[in-house]
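Novice: Residue strings, one per chain:
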Amino acid sequence: GAVVSQHPSRVICKSGTSVKIECRSLDFQATTMFWYRQFPKQSLMLMATSNEGSKATYEQGVEKDKFLINHASLTLSTLTVTSAHPEDSSFYICSARPGSKGDQPQHFGDGTRLSIL
Amino acid sequence: ILNVEQSPQSLHVQEGDSTNFTCSFPSSNFYALHWYRWETAKSPEALFVMTLNGDEKKKGRISATLNTKEGYSYLYIKGSQPEDSATYLCAFPNFGNEKLTFGTGTRLTIIP
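Protein chains in written order, with my numbering: chain F, 1 to 117; chain R, 118 to 229.
Note that these hints are calculated values from the structure, not bench results. Every residue, glycine too, gets a C-beta built ideally from N, C-alpha and C. Some clues are possibly wrong.
To be verified - Cβ pair distances, simulated, as ranges: (1) R:E187 x F:T82: 27 to 33 angstroms; (2) R:S135 x F:K55: 32 to 38 angstroms; (3) F:T82 x R:Q126: 24 to 30 angstroms; (4) R:Q126 x F:V3: 26 to 32 angstroms; (5) R:K175 x F:G1: 32 to 38 angstroms; (6) F:P86 x R:D134: 15 to 21 angstroms; (7) F:S115 x R:K174: 34 to 40 angstroms; (8) R:P199 x F:D27: 27 to 33 angstroms; (9) R:Y191 x F:Q42: 21 to 27 angstroms; (10) F:H85 x R:Q126: 26 to 32 angstroms; (11) F:Q60 x R:R178: 37 to 43 angstroms; (12) R:L119 x F:S9: 35 to 41 angstroms.
Could you put the whole structure together from the sequences, leaning on the hints where they help?
Specialist: Structure, rendered in structure tokens:
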């Protein structure tokens, strides 16, 4: 149980392109999903918390107009990197959790490797 | 900003040997401590969520202990196998709510 599907797994595109990444909880409902970014040799850095039916909460330093998050249903959150540039190249990974408390584990997707040429 | 530290950063262990590594976290306002295993080309997998001081949890050959007063947790692997090779991450919820702050991980390589 507790499977999270994320796709695409890899994207290579030209600078200026907008890229949408989907995160789905397959066998549970997730009122909250999280989007992380990982830089080389660093840990997972939380970008934003996605709440179903409301606006996402962005971490300090993350541009909300650059990284658009939509959590339209209890099983789907999307991250759109708008007008992507080479500096946006990174590994992005989502997670979801059935409940709302910090003593429950998060379930992760496989991640998306984004490369902007 | 919470400081969650893991050591060592990387570790090579001979197959069959036992090993352990550490996660340190703020001891004040403790709520929970998470451990995840992240194998290459897979998604991070939740191992344990620990909440009580002195707690010990076990999953097969892997176990974890928790000391909330001094702010550390140990992860132990007994009789290491090649499939244990992975990055092990600990994470600490911010103020008991949703967000997790992750450590940088311990990259474990089991040598056959």
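Novice: Run every hint past the structure and note whether it holds.
Specialist: Hints and how they fare:
1. Judged by the Cβ atoms, the range 27 to 33 angstroms given for R:E187 and F:T82 is violated: they are separated by roughly 45 angstroms.
2. For the pair R:S135 and F:K55, the supplied restraint of 32 to 38 angstroms is violated, since their beta-carbon distance comes to about 48 angstroms.
3. Here the CB-CB span from F:T82 to R:Q126 is close to 35 angstroms, at odds with the stated 24 to 30 angstroms.
4. At about 30 angstroms, the beta-carbon gap between R:Q126 and F:V3 stays in the expected band of 26 to 32 angstroms.
5. Our hint of 32 to 38 angstroms for R:K175 and F:G1 is violated, since their Cβ atoms are close to 20 angstroms apart.
6. At roughly 43 angstroms, the beta-carbon separation of F:P86 and R:D134 lies outside the given 15 to 21 angstroms, and the hint is violated.
7. Range check, F:S115 to R:K174: about 39 angstroms between beta-carbon atoms, so the 34 to 40 angstroms window is met.
8. Hint check: R:P199 to F:D27, Cβ distance near 30 angstroms, so the stated range 27 to 33 angstroms holds.
9. Taking 21 to 27 angstroms as the suggested C-beta distance range, the pair R:Y191 and F:Q42 conforms, at roughly 23 angstroms.
10. Between F:H85 and R:Q126, the C-beta spacing of about 30 angstroms keeps the proposed range 26 to 32 angstroms intact.
11. A hinted range of 37 to 43 angstroms holds for the C-beta pair F:Q60 and R:R178, which are about 40 angstroms apart.
12. Look at R:L119 against F:S9: about 30 angstroms separates their beta carbons, and that is not inside 35 to 41 angstroms.
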